[in-house]
Amino acid sequence: MFFFFFTWFLFIQDVGSTSVERSAYIVHMDKSLMPKAFTSHHDWYSSTVDSLKPTIPIVTTTSSQYSTTPPRLIYTYNNVAHGFCALLSQEELETLKKSLGFVSAYNDKQIKLRTTHTPEFLSLNPSMGLWPASNYGKDVIVGLVDSGVWPESLSFRDDGMRTSPIPAKWKGTCEVGQEFNASMCNSKLIGARYFNKGLIGARPNITISMNSARDTDGHGTHTASTAAGNFVESASFFGYAEGIARGLAPRARLAVYKVFWDEGARESDFLAGIDQAVADGVDILSLSFGYDWDVPFYENTIAIACFGAMENGVFVSHAGGNTGPDYLSIFDSMPWTTTVAAGSIDRSFAGILTLGNGLTFTGWTMFPASALVEKLPLIYNKTISSCDSVELLKNIYSAIVICVDNGYDMFNQLSVISMSNVAATIFISNEIFETTSDFPWPGVVISSEDGPAVINYAKTSDRPWASMKFKQTMVGTKPAPAVASYSSRGPSRTYTGSLI
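Count the sequence shown with mature numbering (1 follows the signal peptide of the UniProt record, and there is no 0) and you get residues -17 to -1, 1 to 483, in order.
Treat the hints with care, as some may be off.
With a straight-line cut-off of 25 Å between C-alpha atoms, the simulated BS3-like cross-links for lysine-lysine are [to be verified]: (1) 358 x 452; (2) 442 x 452; (3) 19 x 81; (4) 461 x 442; (5) 377 x 442; (6) 81 x 92; (7) 80 x 152.
Using C-beta positions, here's what the derived DEER-type ranges look like [stated by the list, open to error]: (8) 219 x 36: 54 to 64 Å; (9) 401 x 95: 43 to 53 Å; (10) 80 x 146: 51 to 61 Å; (11) 219 x 152: 49 to 59 Å; (12) 352 x 300: 31 to 41 Å; (13) 364 x 455: 21 to 31 Å.
I should point out that these hints are in silico values taken from the structure, not numbers from a laboratory. From the three backbone atoms N, C-alpha and C, an ideal C-beta is built for every residue, glycine too.
Start from the sequences and build out the full structure, keeping to the hints where you can.
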């Protein structure tokens, strides 16, 4: 009797101490091998995962990375890929590999997002040429797989589109969620869905802050309006680039698929979004995300999904990335998509600097206010010119200070200046600031070629002064177009035939 209870105790201890770590895997299957007993691929995949469940209870570990539940189906895919995403242990994965129809499997990885005069610069004329010939993209359905949409944006009004019925092929919907209801869609924004089962599966204790297609990042709204935003009169960025804002296809229909969240993003969700977009009937997919490391094509979910979309007749535009300017900094270009670099147009935002001796310089700025910087004392002192010390600047009041580029980041200099009593700043730098709109202090950036003339005037004049004028938009800047400094560059690391 003692031996029996002792043995039972050991068995209970062994079962109770067993822990199984599970993570999400994307599994590709050969759909042609589906047994006839199943009426759909979803049923087949669900049954396959169910067959992996243990026959005795297993206590699983609690972790931010692993599920505490038995193997569980998260998504099934049937358009741009054939297979499913499931939470599996390593042992369950090995068993799955012996199943009928198994092709391949890999971990569900994280992915990252990538960010008014443009039509004129591209010679898109409203009265002749490609724009009117295409009727401004009328009834083309553009699918945006990104961080969602802010439906109240004027870019997504349906002015001029209500009289034309939504294409009959459209099968999508406006999915209700947190702070997002069906009435927020219209004849422009015809669909909105969201996908986060993969993210929740990987992090079961996570709380989604905005569980709907509503955009809390801004990236999705930006890319959607760039591609297919409607006409918006009197648009500007705090006075810069005033005019009519519109996307490149202002009469196209827009469908949004939110797969990026403030809490992160997973491949399984993105794959589900693209799979659904193709099923819904989109004509074009615009994708602005990717990897920042090398992923072979056979495990590259982006490449696989884009290939499947292409097979279904969907054109795919894919951002090349923002990890430039080095060569070989593009990680996932592929021959079945149009990979797009970041580039400039011939427009720049400027501030005008005028010195007391009459010299005038055009510098870069995006200071958004109409500040009056007029005939203020101009100060250059080599000791403080690094503009990296609040202590050194504390005794300067109501004056313009010249800051030089000595390797200390200009936006760190801006932070220091904002904590001082300096009225405005002249930054001398050749660094290009293409990715920011954050310029919180009055100032202009002039080139190192123009810098010596400004410094010389400040050092030799008895009472040097300067004035600044902001909110200047210049058109005709050369050279243009030019590849942005931050844009990823080729040759492609994954497809050597691409020279982007």
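Outcome of the hint check:
no.: 1; hint: 358 x 452; verdict: 11 Å, holds
no.: 2; hint: 442 x 452; verdict: 23 Å, holds
no.: 3; hint: 19 x 81; verdict: 19 Å, holds
no.: 4; hint: 461 x 442; verdict: 32 Å, violated
no.: 5; hint: 377 x 442; verdict: 21 Å, holds
no.: 6; hint: 81 x 92; verdict: 23 Å, holds
no.: 7; hint: 80 x 152; verdict: 38 Å, violated
no.: 8; hint: 219 x 36: 54 to 64 Å; verdict: 59 Å, holds
no.: 9; hint: 401 x 95: 43 to 53 Å; verdict: 30 Å, violated
no.: 10; hint: 80 x 146: 51 to 61 Å; verdict: 55 Å, holds
no.: 11; hint: 219 x 152: 49 to 59 Å; verdict: 37 Å, violated
no.: 12; hint: 352 x 300: 31 to 41 Å; verdict: 36 Å, holds
no.: 13; hint: 364 x 455: 21 to 31 Å; verdict: 28 Å, holds
Against the hints set out earlier in the document, violations occur for numbers 4, 7, 9 and 11.
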